[in-house]
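Trainee: Listed below are the residues making up each chain.
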Amino acid sequence: MLQSLFEIRENEPVARDVWRMTLAGDTAAITAPGQFVNVRLEGRFLRRPISVCDWREGELTIIYKVLGAGTAEMTGFPAGKTLDLLTGLGNGFDPSEGGDAPILIGGGVGVPPLYGLAKRLLALGKKPRAVLGFNTAAEVFYAGEFRALGCPAVLATADGSLGVRGFVTDALPEDYSYFFTCGPEAMLKAVYRKTKTSGQLSFERRMGCGFGACMGCSCKTVTGFKRICREGPVLRKEEIVWDD
Amino acid sequence: MGRLSVTLCGVGLDNPVIPASGTFGYGYEFAELYDINVLGTFSFKGTTLEERFGNPTPRIAEAPAGMLNSVGLQNPGVEKVISEELPKLRKCFHKPVMANVSGFSLEDYARTCALLDREEQVGWLEVNVSCPNVHGSGMSFGTDPAAAASVVRAVKAAAKKPVIVKLTPNVTDIVSVAKACEDAGADGLSLINTILAMRIDLRTRKPVLANTMGGLSGPAVFPVALRMVYQTARAVKIPVVGMGGVSSAADVLEMLMAGARAVEIGAANLTDPYACKRIIEALPGEMDKYGIGTLAELTGG
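Protein chains in written order, with my numbering: chain A, 43 to 286; chain B, -3 to 297.
Take the hints with a grain of salt, since some may be wrong.
Said to hold, decoys possible - Computed list of lysine-lysine pairs in DSBU-like fashion (alpha-carbon distance at most 35 Å, straight line):
hint : chain 1 : residue 1 : chain 2 : residue 2
1    : B       : K84       : A       : K262
2    : B       : K87       : A       : K268
3    : A       : K107      : B       : K273
4    : B       : K87       : A       : K231
5    : A       : K107      : A       : K238
6    : A       : K268      : B       : K91
Claimed, not checked - So the derived list for chain B, only partly shown, Cβ under 10 Å to chain A, looks like this:
hint : residue
7    : G18
8    : E47
9    : I56
10   : N71
11   : G214
12   : P215
Worth flagging that the hints you see were computed from the coordinates, not collected in a lab. Cβ atoms here follow ideal geometry from the backbone N, Cα and C, with glycine treated the same way.
Given these sequences and hints, build the entire structure.
Mentor: Here's what the structure looks like:
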C-alpha cells in the first residue's frame, strides 16, 4: 500500500451515471488487476474505494458510478486537481490460474477491473472472452474497448435494449476453462451457481479503512474470516461461504 | 524525560499518542507503513475469550465528520491472540502494549485478563465494559456503576498489571460509573468509547448497518469526548486516557488540558494510516505555538 497524491488528467462520462477518471501519479504499489484505490474526498470522512480499471507506470484509470453525494461531487473535479489516494489495496485477480480460455463476467461497474485483467491475460498468451451485463443500453460502456484489445465481448442487458435480453448468466458460452467475475453480489451468486469450472470472484463491501485495520468488511470463508479489503476483494470459488 | 514524555499508571510513555483499539489491528499491518515504535504505545484489537466474527455486514457507515461501526468485536479469541498475533507484534513493536479485553460475563473478563496479564509485552489491560452482560439481561456492564465495579473487582483479582477501564458515553452520568470503577480498584480510565448512533439509506428505507445501530466516532464526537474527559478527570484521582475524535496535535493538547494523561486516536487511523505518526511529529511545533515546554506541565507527570 502506498499513500500518495495523484493529479487528475481526464474525468469524463462513459455512460449514464458512469465516469472515467485518469490520474497521474506513483502506481508502483499496484501489483495485480482487480486491486483498488481508496480516494480521499475533502469534507467527507471515509475514503471511496474504487477498483482500478487499468494502469501503467505513472498513470491509472478508474471508472466510478455516481451512487451518492461523494461520487456525484467527483464528477465535478477538473483536470489538474490533486487527489490523495491509497493505492495497491487488496489481493486482485491472479491471471496465471485457470487455463487458456477464461471467461470474464462483469456486471455494471464490476466491468472495469476485468478490462485490466483482460490485458494481462492477453499478455500471458491466453484467449479471454468477456460477457458484460448492464441494466440498459444507456448504461453500457467498454464493450468496444475489450474488443479493441482482442478480447471478444458479448453484451447482455436486463431490458433487452442491447445484446442478449437478460443477465450475464443468460449469455455465457458453453466452453471456457475458468472464470473471473466482478459485479453486484446477486450476480456473483448467480455466476457461482451457473458456472461449472473453478474461478475467481471479486466482492464489494462497505469499507471503513480499505487496508485491513477496522475489520468493517469481513466475510466468512471455508478457510476462516477474511477481510474483503485485504485478503480480498477476490476470493476463489471454492472458499466462498454465502451469508444466507 | 523528553518533551513529550508522560507516565500512565506508573509506566513511562515516550509520548501520549496511543492508537485506539479496533483501529490498529495487532499493529504489524501498520508496521509495514512506518516504524510503530514512534508511538507511546497502542491498544490492540478488542480480545474476547472465544473467537468472534462479530456482526453481519454492512457494519460501516459514514457520518458528517465521522463514521459508524458495528463490527462487534471480531477477533480470533485470546488463545490465538497469544499464540499467533503477539509473536508477530513482538517483531515490530518493542514497547509495552495495551491489551484491550471484552467479555460477556465476569468470568470471561477474568479469564481473558489473567491470560494476557502473563504476557511480558502487555503493559496495561484496557477493559472495555461496553459489551452486553449476558447474565444481566443484556444490559451493558458499563452503563451501571455497580456492574462496572463488579468487572473491575473480577479483573483486579485475576491480574497484576494496571487495569484501565474503558467507559461508554452512552450513560446519563459517566462520572458515577468512573467513580465506581475507581472505588473498585481501577488503576486508570479511558474514555470515550463510541456514541450509539444510526443511519438510514433513503433508497432502501432501511438502516445502513445490518445491526441497525452502531457506534459513532471521528471528529464529530470530539467536543462530547472532551467534555466527558473534563468531568471525569476532575472527579477521580486515577489517570484518565482521553479519546474520541482526536485527529490533530492541537486536539491532543486540548485533551491533555481537559485533564487527560494520555490520548487515544481511533477513527483518524482509518482515513489516514499515518495519522498517529504525523500527530507525534507535529506535537513539538504545536506546543511551541502555545508556550508549552513539556507535556508533563499539562499532565502533571
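Trainee: At a threshold of 10 Å, is the proposed contact between B/N71 and chain A supported by beta-carbon distances?
Mentor: It holds, given that the least Cβ distance between B/N71 and chain A is near 8 Å, below 10 Å.
Trainee: Under 10 Å, Cβ to Cβ, is where B/I56 needs to be relative to chain A, so tell me if that hint holds or is violated.
Mentor: 4 Å, holds
Trainee: Could you check if B/G18 really has its C-beta closer than 10 Å to a C-beta on chain A?
Mentor: 7 Å, holds
Trainee: Would you mind confirming whether the straight-line C-alpha gap from A/K268 to B/K91 stays at or under 35 Å?
Mentor: 29 Å, holds
Trainee: Can you confirm whether the C-alpha distance between B/K87 and A/K231 stays at or below 35 Å?
Mentor: Given pair B/K87, A/K231 is violated - Cα atoms ~41 Å apart, limit 35 Å.
Trainee: Would you check the hint for A/K107 and A/K238, treating anything up to 35 Å between C-alpha atoms as holding?
Mentor: 31 Å, holds
Trainee: Has the given pair, B/K84 with A/K262, been kept, meaning a C-alpha gap of at most 35 Å?
Mentor: 23 Å, holds
Trainee: For the restraint on B/P215, tell me whether the closest CB of chain A is nearer than 10 Å.
Mentor: At about 8 Å, which falls below the 10 Å cut-off, the nearest Cβ of chain A leaves the hint on B/P215 intact, so it holds.
Trainee: Taking 35 Å as the top limit, are the C-alpha atoms of A/K107 and B/K273 close enough?
Mentor: 34 Å, holds
Trainee: Would you check whether B/G214 satisfies its interface hint, that is, whether its CB is within less than 10 Å of any CB in chain A?
Mentor: 6 Å, holds
Trainee: Once the shortest beta carbon distance from B/E47 to chain A is found, is it less than 10 Å?
Mentor: OK, holds: B/E47 within 10 Å of chain A, min 9 Å.
Trainee: For a C-alpha distance cap of 35 Å, please report whether B/K87 and A/K268 respect it.
Mentor: Distance of about 23 Å is within 35 Å: holds.
Of the numbered hints listed earlier, the single one contradicted by the structure is hint 4.
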